[in-house]
Structure formats: structure tokens, C-alpha cells
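Enquirer: As they're listed, the protein sequences go chains V and U.
Numbers 65 to 177, taken from my numbering, label the letters of the first sequence in order.
Numbers 601 to 711, taken from my numbering, label the letters of the second sequence in order.
No wet-lab data here; the hints were simulated from the structure.
Some hints here could point you the wrong way.
[Said to hold, decoys possible] Here are the simulated SDA-like pairs of lysine to any residue, each with C-alpha atoms no more than 25 Å apart in a straight line: (1) 101(V) to 609(U); (2) 122(V) to 699(U); (3) 86(V) to 641(U); (4) 86(V) to 624(U); (5) 101(V) to 640(U).
[Said to hold, decoys possible] Label-pair ranges, simulated between beta-carbon atoms: (6) 134(V) to 679(U): 35 to 45 Å; (7) 699(U) to 143(V): 44 to 54 Å; (8) 116(V) to 614(U): 40 to 50 Å; (9) 679(U) to 119(V): 41 to 51 Å; (10) 177(V) to 667(U): 18 to 28 Å; (11) 145(V) to 679(U): 23 to 33 Å; (12) 698(U) to 65(V): 14 to 24 Å; (13) 656(U) to 115(V): 37 to 47 Å; (14) 145(V) to 661(U): 42 to 52 Å; (15) 121(V) to 656(U): 42 to 52 Å.
All C-beta atoms in this analysis are idealised placements derived from N, C-alpha and C, irrespective of residue type, glycine included.
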Amino acid sequence: GENVEQHPSTLSVQEGDSAVIKCTYSDSASNYFPWYKQELGKGPQLIIDIRSNVGEKKDQRIAVTLNKTAKHFSLHITETQPEDSAVYFCAARSNFGNEKLTFGTGTRLTIIP
Amino acid sequence: ETGVTQSPTHLIKTRGQQVTLRCSSQSGHNTVSWYQQALGQGPQFIFQYYREEENGRGNFPPRFSGLQFPNYSSELNVNALELDDSALYLCASSWGTDTQYFGPGTRLTVL
Chain V
65 GENVEQHPST
75 LSVQEGDSAV
85 IKCTYSDSAS
95 NYFPWYKQEL
105 GKGPQLIIDI
115 RSNVGEKKDQ
125 RIAVTLNKTA
135 KHFSLHITET
145 QPEDSAVYFC
155 AARSNFGNEK
165 LTFGTGTRLT
175 IIP
Chain U
601 ETGVTQSPTH
611 LIKTRGQQVT
621 LRCSSQSGHN
631 TVSWYQQALG
641 QGPQFIFQYY
651 REEENGRGNF
661 PPRFSGLQFP
671 NYSSELNVNA
681 LELDDSALYL
691 CASSWGTDTQ
701 YFGPGTRLTV
711 L
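Working from the sequences, and respecting the hints, build out all of it.
Expert: Right under this line is the structure:
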């Protein structure tokens with residue numbers, strides 16, 4: 065089955081700087097890669113996603129890049145703000161079967177004012 | 601905020617008891633997926649329901665079961681609770697295989 069690895073597990077960044085979180089996946093059949101932000105006591109919130117026919121996607125301060133050959137994808141947050149502090153999860157979904165999401169182990173991002 | 605709601609918000613049970621968790625999907629969605637999130641971990645897939653039928657199952661024992669109703673809301677039932685079942689249970693709704701939107705979760709504590 066699919067296996068998703070996520071790094072780093074914790075990340076501290078000065079406000080205004082950029083943050084990068086990286087994930088690798090094992091199943092070459094995976095074709096959809098969402099990123100979720102989870103704040104304390106809340107469910108995961110989708111912040112951006114990318115499909116395998118696209119190499120990069122951007123939404124304001126957030127961007128995701130995908131390298132299918134290397135089987136890795138990354139989340140980039142620019143001009144970080146205190147409200148960006150949260151746990152971020154990457155996930156991968158295969159094109160076959162029940163379309164389940166396989167999640168990484170999460171990155172706790174702390175923005176230092 | 602997504603339109604996915606879950607109840608109850610949290611509950612406490614003892615080992616051996618049974619529990620039912622509920623999820624109302626976002627309007628227009630016909631698929632519900634359930635995930636278990638242990639403390640400090642990513643969500644783990646339990647199972648998915650599409651048009652009232654189970655559409656795939658993760659690595660969870662049969663004492664984890666579910667239902668989906670004609671209005672696409674769903675229940676997760678866990679029998680013979682164990683201490684390791686303590687976790688945040690999340691449901692996510694979607695239109696078929698499209699993007700999954702998560703509810704706030706139910707925090708289950710087993711004593």
C-alpha cells in the first residue's frame with residue numbers, strides 16, 4: 065500500500081520568512097496530493113491540492129510543487145504570519161480502489177513574531 | 601468552515617463498551633470517509649461509504665463498523681472498546697472521488 069513520509073516534524077520560522085515542508089510517496093499510481101492545516105481542537109482544513117498532471121500550483125502565499133519522477137511534493141508558504149502556526153499534513157491518493165487518503169505524520173509549524 | 605458536522609464533540613467510555621459516532625455530510629456530497637487520528641499522528645483511514653455501500657476498508661478489525669443513510673449521513677460504530685481506541689475520529693465528505701472535506705472530529709477517550 066501507499067506510504068507517505070513527511071519532513072520536518074517541527075519547523076520554526078521568523079514571521080515574514082518562508083516555510084517549506086516536504087513529502088515523499090511510494091505508490092506510483094497516486095495521482096492526487098492535498099495539503100491540510102489542522103489547528104488545535106479542530107479537524108483538518110484543506111489549504112491546497114495538486115493533481116498528477118500538474119507540476120506546480122499557487123494560491124496567494126501558498127504553493128505546492130510535484131515531482132512525479134522522484135515521487136515527492138512540497139508545500140511552500142511565503143511571507144509567513146502568526147496565524148500560519150498549526151500542524152500541516154500532506155496526503156496522497158491512489159487512482160485505484162477506494163480513493164482513500166494516506167497521510168504523512170505531520171509538521172508542526174511555529175511562526176515566531 | 602466546511603459543512604461537515606460530527607457528534608458528539610467528545611465522550612468518555614470504559615473498556616468493553618460500545619460507541620456510536622455520527623457524521624452529517626456537506627450538502628451535495630454522497631461519500632463519507634472515516635479516519636482515526638491518534639495523538640501526534642496523521643489520520644488513518646478506517647473505511648469509506650459511497651451511496652450507502654462500504655467502498656473500501658483500511659487496516660481496522662471488524663469491531664469497527666459503519667452505516668450510511670439515504671441522506672448520506674453516516675455512523676461509525678466501535679464494539680468492545682480497547683484503550684488504544686482512544687483517538688480523534690474524523691469524518692470527511694466528498695462528491696465521489698473528489699476533494700474530501702473534514703468535520704471537526706469526535707474525541708473518544710477509553711478508560
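Enquirer: Next step is simple, just say for each hint if it's right about the structure.
Expert: Each hint tested on the structure:
At most 25 Å may separate the alpha-carbon atoms for a hinted pair to count; residue 101(V) and residue 609(U) meet this at roughly 20 Å. Straight-line distance between C-alpha atoms of residue 122(V) and residue 699(U) comes to about 17 Å, which keeps the hinted pair within the 25 Å bound. Taken as a hint, the residue 86(V) and residue 641(U) pair is honoured in the structure, with Cα atoms around 17 Å apart against an allowance of 25 Å. Between residue 86(V) and residue 624(U) the CA atoms are separated by roughly 33 Å; this puts the pair beyond 25 Å, and the hint is violated.
This hinted pair checks out: residue 101(V) and residue 640(U) have alpha carbons roughly 14 Å apart, not beyond 25 Å. A C-beta distance of roughly 43 Å is found between residue 134(V) and residue 679(U), which places it inside the suggested range of 35 to 45 Å. For the pair residue 699(U) and residue 143(V), the beta carbons lie near 26 Å from each other, so the given range of 44 to 54 Å is not met. Distance hint for residue 116(V) and residue 614(U): a CB-CB separation of about 46 Å, consistent with the stated range 40 to 50 Å.
Separation of residue 679(U) from residue 119(V) is about 46 Å and conforms to the stated range, judged on CB atoms against 41 to 51 Å. Hint check: residue 177(V) to residue 667(U), Cβ distance near 47 Å, so the stated range 18 to 28 Å is violated. Distance hint check for residue 145(V) and residue 679(U): the Cβ-Cβ separation is about 45 Å, which falls outside the suggested range of 23 to 33 Å. Checked against the given bound of 14 to 24 Å, the beta carbons of residue 698(U) and residue 65(V), roughly 22 Å apart, stay inside it.
A beta carbon spacing of about 20 Å between residue 656(U) and residue 115(V) contradicts the range 37 to 47 Å that was offered as a hint. Taking the beta carbon of each, residue 145(V) and residue 661(U) are about 43 Å apart, inside 42 to 52 Å as hinted. Taking the beta carbon of each, residue 121(V) and residue 656(U) are about 27 Å apart, not inside 42 to 52 Å as hinted.
Violated hints for the displayed structure, listed by number in ascending order: 4, 7, 10, 11, 13, 15.
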